[in-house]
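Given chain S, work out where chain F should sit, using these hints.
2 protein chains.
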Amino acid sequence: MSHLDLGPGPEFDRIRSIEKALGPRAGELGDDCALVLVGDEFIALSIDLSVEGVHFRREWLSLEEIGWKAAAGALSDLAAEAARPEGLLASVGVPKAGDPGEVANSMRGVGEAAASVGGRVLGGDLSSAPVLTIDIAVVGRTARPVRRQGAQVGDGIWVTGELGGARAALASWSAGETPITTARRSFAHPVPRIGAGLWLAERGAHALIDLSDGLAGDAGHLAAASRVMIELALDRVPLHGAVPAAALKTSQLPAVFAALGGEGYELLVAMPRQFTSADAGALEREMGIPLTLIGRVSAGSGAVCRLQGREVALTGFDHFA
Amino acid sequence: MSHLDLGPGPEFDRIRSIEKALGPRAGELGDDCALVLVGDEFIALSIDLSVEGVHFRREWLSLEEIGWKAAAGALSDLAAEAARPEGLLASVGVPKAGDPGEVANSMRGVGEAAASVGGRVLGGDLSSAPVLTIDIAVVGRTARPVRRQGAQVGDGIWVTGELGGARAALASWSAGETPITTARRSFAHPVPRIGAGLWLAERGAHALIDLSDGLAGDAGHLAAASRVMIELALDRVPLHGAVPAAALKTSQLPAVFAALGGEGYELLVAMPRQFTSADAGALEREMGIPLTLIGRVSAGSGAVCRLQGREVALTGFDHFA
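Residue numbers (the numbering used here), protein chains in the order written: chain S, 7 to 327; chain F, 7 to 327.
Bound conformation, chain S alone:
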């Protein structure tokens, strides 16, 4: 239940109804990962379902890319917990009439994503299904998990990488065009920010989440879990190079376009106020990942986005809207 904590809309209605139906049979839901304490460390677990026609289309991505993207999206939940990946389990459903090679090709992408962060494919299941369906359960370990709760008034809100590339690619495909290479790569080949998650945890991160539903929605989750207000200055959001042109076509301002885009799997983190831009520069030098201050934590509730000082209302993606 990676989106369990708030928000209006049919998807959250369904999730709330699950919570109600489960009652005490549910663990502590609502963070990026579930945690199980074993000895003196935590096992971090998360699961992520990718369905053809919902999360991807075969016209857009190769089977390897479909597998990579499904696995990378799940592994991103470990990054958002500051956990070190052990590996993953993959359930794959494929049409009975499909090419027998499509399972192996999509699993090759899954395996590559796991290997890219030091993990392995630990197990899986295989079934026929009406459309290509990949469900990934990830397993990691951490002695010091960083949760969504924990953001404190005065913290800075930082984001890794650049936002909006995946949405720019989606916008191109939807318009019947070919996305530019770097935007296509953001969508097809997201990189789970495992190293950055661990780096931020070591430097005292108070709260961490990955951007899967869009900056505005996910900042709202962080605010709700931490019982604080998060104020974002959209002017500061680092934009992917494809954003300005893509935003123009939607008549949205570039920063709004980027803030509404999901699936980039960058990390949004609340760092103690002592953490400076000079500190952030070390992450870029060490790992090549920019880290940008885009907001702050204050008393209150919800996520407030401002552009040139004026508040703008934004909402994330809803599977059932």
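Do not take every clue at face value.
One copy or two, either will do: identical chains are not told apart, so a pair holds if it fits within one copy or between any two.
Here are the simulated lysine to aspartate or glutamate pairs, EDC-like style, with alpha carbons at most 16 Å apart [to be verified]:
| # | residue 1 | residue 2 |
| --- | --- | --- |
| 1 | K26 | E118 |
| 2 | K26 | E108 |
| 3 | K255 | E183 |
| 4 | K102 | D19 |
Since the hints were made in silico from the structure, they are not lab data.
Then chain F, alone, in the frame of chain S:
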């Protein structure tokens, strides 16, 4: 990859192609659970995909039963590893146009199955999908896992419970009839044999597997993993009460009908030769679960089924045949 070790047919061809595609990016696949050593115990993990129209039909089962069956089938892999359940993660895909209550109702069944063995729902994911799709990742702990490998020449081969009930229910539905209550229950409400798995491990079980593909196929997996031959006397197989009538309609002998039926989730176990029927009686007294000697381990390879002393050839279920 709960069926990774052997057998002909399109399903195993696909699984072998996955193994080849993954190469060193895969862990040690091919047992009921993956194991991750943490401190001085193992975390046992498995994943199990259930798809509407493949594993169940809504005309046959309530949504709660669909959820229960999906979760129980996955939890059965923990039983087959002699692991104690910690909980599970559930991915649910439902048609966008469906009743919003169907997610909560199927998750209620998932939660009940988890709670029935002392586990909890630790997390999950939700998406739209063309048909109801439930993928369950289970998490357990064990200091002494029992693998499929380990059966030794001279061991007795024992089975819990009675076989063929789930297949009898399926046969009734397929013929447009209503299954008798106890057979329907075998299919709709399988009980993961967690307690029996732990009990058998404590008494020195050499090798353990759960029956998901059918006795003949799963005995073959155990034989392959242990590099032995398993000889089964089908005459000894304990039959569910619905089997004789159901078998008659298929022109199969009752024991053959039962041995070919999958999804009963009983345990098949290789016990040291010192383990006797008197010992087995204690399991029935303590947990109400019969344990029956149905074969033995000898030198060689493969599973051999005999009926009245004559060899009969049987094969399990193939998702892609």
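Alpha-carbon proximity context of K255 and E183, limit 16 Å:
For K255 and E183, the Cα distance is within 16 Å only inside one copy (12 Å; across copies 58 Å).
16 Å Cα threshold - placement of D19 relative to K102:
Cα proximity of K102 and D19: across copies only (13 Å, versus 34 Å in one copy).
Pop the pair K26 and E118 into one bin, within, between, both or neither, using alpha-carbon distances up to 16 Å.
between (38 Å within a copy, 13 Å between copies)
When no copy is named, should K26 and E108 be tagged within, between, both, or neither for a Cα gap of at most 16 Å?
So K26 and E108 pass the 16 Å test across copies only (13 Å; inside, 39 Å).
The structure is consistent with each of the numbered hints, conforming to all of them.
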